[in-house]
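A.B. asks: So the chains spell out like this:
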Amino acid sequence: MNLLVVAMLLFSVGLYGVLTRRDLVAVLASIEVMLGSATLLLVGLGATGEMIAGTQVGGGTVEATGVMIIVLAAAEAAIGLALVVAVARRFRTTRIDELTGVKG
Amino acid sequence: MSIESVVFAILAGVALAGGIVTVFARDVTRMVIGLAAFLLSIAGFFVYWKASFLGVVQLFVYVGGVLVLFVFAIMLVHRSTEGSPYLETRHDIASITVAGGLFIMVVTALKDFVHDPVAGAMVTGTDEVAAVLLGPMLTHFEMVGVMLLAVLVAVVIIVGGEER
Amino acid sequence: MLAVDLLVAVPLLGVAAVIALGRGSATRPRAIALAFSVAFTAVFASLASAGVLTGTAVDGIRLAREAFPFWTLRIDGLSAPLLALTAVLGPVAVLASWGVREKAAAHHALLLGLQASIAGVFLAADVILLYVFWEAVLIPMYFLIGVWGHEDRRHAAMKFFIYTFAGSAFMLVGILTAVFQTGHTGLAEVLDSAFVLGQPTLVFWLIAAGMLVKIPAVPVHTWLADAHVEAPTAGSILLAGVLLKMGGYGLLRLALPIAPEVFEAARPILAVLGGVGIFYGAALALAQTDLKRLVALSSVSHMGFVLLGISAGTERGFAAAMLVMVSHGLVAPLLFLLVGQLYDRTHTRDIERFSGMGATLPRWATLFTFAALASLGLPGLSGFPGEFLAVVAGFGAWSYSIVPVMAGLVLAAAYNLRAVKGTLHGEIAEEWAEISDISAGDLVPAVVLAACIVALGVWPMFVLDMTGDALALIAALAGGM
Amino acid sequence: MTGIATYGWSVVAVPLVIAVLAATAGRVLGTRVAALAALAPAWVFAVGVAASARVLAGEEGAIASGSVEWLGAGLTVGWAIDGLTALMLLVVGLVAFLVVVFSRGYLGPGEALPRYFAVLALFTGAMSALLVADGFLGLFIGWELVGVCSYLLIGYWFTRPEASTAAVKAFLTTRVGDMGLLLALALLWREVGDLSYTAVFAAVPGMEASTVSTIGLLLLVGAVGKSAQFPLHIWLPDAMEGPTPVSALIHAATMVAAGVFLLARAWPVVGASADVQTIILVLGGFTAIAAAGSAGAQRDIKKVLAYSTISQLGFMFAAIGAGAWVVAMFHLVTHAAFKALLFLGAGSVIHATGTQRLDAMGGLLKKMPLTAGTWFVGAAALAGIPPLSGFFSKDEVLHTVVGADLGWGVMLFAASTLTAFYITRTTVLVFFGSYRGEGVPHEGGWDLRVPLVVLAAFAAALGFAGGPIAELAGGHHGEIDVLVASIATALAVLGIAVGAVSGIRPKQGADVTKLAFVGPLRWARNGWGFDEIVRQTVTRPACATARVLDRVVDRGVVDRSVEGVGALARLVGRGYSALQSGDTQWYTTLLGAGTVALLALVAYLGRGV
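Chains A, B, C and D, in that order, are what the protein sequence lines are. For the first sequence, position 61 (counting from the first letter as 1) is numbered 61 according to this note's numbering, and the numbering increases by one without interruption. For the second sequence, position 73 (counting from the first letter as 1) is numbered 177 according to this note's numbering, and the numbering increases by one without interruption. For the third sequence, position 173 (counting from the first letter as 1) is numbered 441 according to this note's numbering, and the numbering increases by one without interruption. For the fourth sequence, position 329 (counting from the first letter as 1) is numbered 1078 according to this note's numbering, and the numbering increases by one without interruption.
No wet-lab data here; the hints were simulated from the structure. On a predicted model such as this, the values are computed, not experimentally measured, just so you know. Glycine is no exception: its CB is placed at the ideal position from the N, C-alpha and C atoms. There's no promise every hint is true.
[Said to hold, decoys possible] Ranges of calculated distance between the beta carbons of each label pair, as one might list FRET restraints: (1) D:Ala822 x C:Phe448: 39 to 45 Å; (2) C:Thr324 x A:Arg90: 52 to 58 Å; (3) C:Ala303 x D:Val777: 32 to 38 Å.
Using the sequences and the accompanying hints, generate a full structural model.
C.D. replies: Take a look at the structure:
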């Protein structure tokens, strides 16, 4: 219960940041918070030694999955930041409200 | 109050504080410090649960890699936009509702299924992680490897070239 | 069998190939895309030796369960005709966009991606995988409409996305509920233990909601006309040809078997939706002045027959639905293809502005008349068997209540012939006297479709042979209540 | 020779192959495409001859048949040839062959010959399919296909707006009737579970009377549409926009007779219900006299013949209503001969004068003696002058109708008198007096003349073949009733006398219409105004409704209420455009809101578990 509350609090805080931050860099930082909290919850679940989706998950699998998530998150951050840099060069701003190119 | 719950509370407190600073800070330096605290505490959780390999990975990749990336990115952006990142936050009811609603929904939905970890329940050695990575998850492992390569190339393409 | 997995893998490889080899070239991507879409057709044809054409079910290869827990592919009598349709329409769509030069690599990559995800929808034997493919279809379609569409493309793309996404969100809840309550994700296992569902009515309608938006049933059809009008020709072809079929397929594949007793209760509602769709769609089509919009709304009418057939709840009704789907999947693309070719030459779709094109564009006119006749259900062409069967099955279930459907059939003749009369007949318009008839290259995809339309019209058992056993099983479920 | 009847399916396959060949290779063949197309009806005729020979030699029932499962369990499509089919094959084959020959001369080399002859061959195949079908499904397929051939040929000169409109009108009107037939099929399938004639007819005695009546009525709706009977007759006069040889084949001799064929074929069903028969009699009788009246007021030679065809088909319907379907078939055969003759004669006249207007003709007897001579034979046959074919068949019709219902019998006598009147009036206007048109009309080539002579021979002599025809149709040939025959002939002479007087227009350029009857003339000419009634009560309201549904209901209500996702956003206070403002975070917020809502739903659903 505590784990769940902590992880979800972190996740919600991160989500709030994604929704309200006006700068791309800050949005990316908020995303990192969300990802971190998700990893936390996953690994924490593995550490309870309980069944997940009907199968006993060995610690090895959980840890390996965690590694995957971390690596993917790092890759995501790399790409994201690269894009931010590119955007900053091209448009001279990283403010979301000034970047309305994805108008639907 | 057992020692376990004290450690948990401290780690959780640091993580929350770091997360909140990351999301609400108006100063770039504070934001990065908050993020660092958050990431470090996550690593602390892993170590505390005896998932030490994971903890080390978290430390290396995040604190050592991603955080540095952030710092560099902020510097580069700073050069391009001639102004520090615009860190104001547009608070609004919709976002609070969504974030809070998500929190409530997930917690109520999963509260019966998620129990707190028992310290040391996950006593796994690095060899066991390796066995999983090279056994059942080999395909994933390979795919992540390929993807990393692609990311490397992509980043070079995206940022590459002379700054105009 | 590997070939089953290849049906998803080949177009995906094609995406990679188009991006890798076709970047920056205006003409190379289309050749690569054509090669891969023809390869898809060849792979499907190779499955004929496994008995797919006679309704034999063939499983895909089983990858390591731990690594790919949801990857289960299976082709059976229900999916085989629709995959055959996809196999035909893939190359046709590529040929239809032969003239696309702007961002050609991206365009053709999206086409192949669309083909892969659609094939995935029809092949998935796992509800999670099904949902993933289902959503994956939206993305390439969204960009095809939004980037290569006509004047108001962004609004149309957004509308398309919101409608279908909202529909599939309901579907996701239904699927998740089923997964949680049954404890399985494999389609067969979920259906086998579907009796444990706590709220079958809700689950059925949640899933059906996603399907009804896709079909589309009145009153959630309004995205269709806008999407079609704005979509590029290849987008329209795949949208009308196979995307709409996902709705009918999903009803038979998932919604009905998961809650047969609810389906039994829902039959009158489906019948009313179908009947209203047939009549209402036809009436709307009759009032259009935009040729493409007319064809788009005729889809609403035709797909109404799918609902009508399914609502009968009998094997014959389901067979009617399948026949109508396959037929409409050939006829509507042909019409869109031809309307697109006309637009390329005149840059208008306004029926009022055309006159006497039959004399100016004789080859085009012949094909257009042919397509219109197929659309109005002329025997000997593909539209007739399905609609006839739907009427027979519908009458068996609903007796004289289906008389409005008859009115819809008369209106179908009216709007199709009005389209022919408005564009082809009358005195030759000075404005268009100089434009050139369609070229041999334009003819190829049209003739392929026309040949399929004739073949299916002459020998509908081609589809019924495939679907027979699968539909009998579903009908047994539906009738077992 | 008679063995070819064993391959009865070929009467469908051969014409279809020829149609495809004509369409694809027609450009290469030039005018020789006509010769190719002529093979189709020739083959049909040959099979008809072979089959007839075997039936007349005493073979009972279907002499050859075959079927294949076509649309899932039980829904088979098959063919079977019996006497009735063989008889119709003879008619279709002969008339179609002569029409192909005639068309060769009628249409110049500048015309779209491949299209024309391909559709003509297609029509032959479709008509044969309708005839040789062994069940209602096959019949329906042929039924629809002949309809579409009719559409394509009426609209042959598609750059003329009138032709295009008429084509659409013809298709839509018959389509209304076809829906009745389709519903009949659905009902039969539900009641019998089989659509083959033998199974249906075997099941009829076991059905409830009301069901049999309903099926009969629905079949009648189909027949009424195809055979242009009241109230679905409105398309046939307009269909005259098509080339005249087409009118002769499709809109006089064969396709429009399909309704009569259907009722004769389905006699075990139709005949099992007295109510249906009464309705058929009333419809047929009414149509016969009303259309005959209209025919007398026309200014266009083809319109005269069109209304005449409607009227004559009414005679056939009346005969069926009186229970004598064999008589109806007899009249069908003779009518096919003399009406095709009249149409081709009209075609010859139109070809020579370049007009269809009666007031631009006249005096053609001297200029076109062959056409005139054959026309006289056809006209006399239509009027019922002994010993021409029309006399015999019409006499039998009148005889049976009088026997069934004296009132309608009298009406038919009146219609018969009108028939003699209008055809005489037309004859006088065309062939006597002085020429009022332009140019110098003269006879066409051999391909225009030979069909006229052949048809004239049949129109003259077929009356004596009543025995074999009845035998083929599967019934017995009635005796000539002297009383009826005498009255009918006397009335015909009366009609001819009045018609001759009314038709005499001595002066060139005189307006014929003013000199004919007054008052209701215009009314009669416009089909008693029924066309206008349909336009005001059906066509216009239908189009208006469609427009309202589109503009008001669909775009106004349905679309807007679902685009109300935007209205929701407005409620939130960001205005409609906020949904599409390009504000990614707002999109994400909406996405998150949706996720929360879905999770709430999942939580709600998950309660019980």
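A.B. asks: With 39 to 45 Å as the target window, see if Ala822 of chain D and Phe448 of chain C comply at their CB atoms.
C.D. replies: 40 Å, holds
A.B. asks: Does the beta carbon distance between Thr324 of chain C and Arg90 of chain A stay inside 52 to 58 Å, or does it fall outside?
C.D. replies: 56 Å, holds
A.B. asks: Is 32 to 38 Å a correct range for the gap between the Cβ atoms of Ala303 of chain C and Val777 of chain D?
C.D. replies: 35 Å, holds
Violated hints: none; the structure is consistent with every hint.
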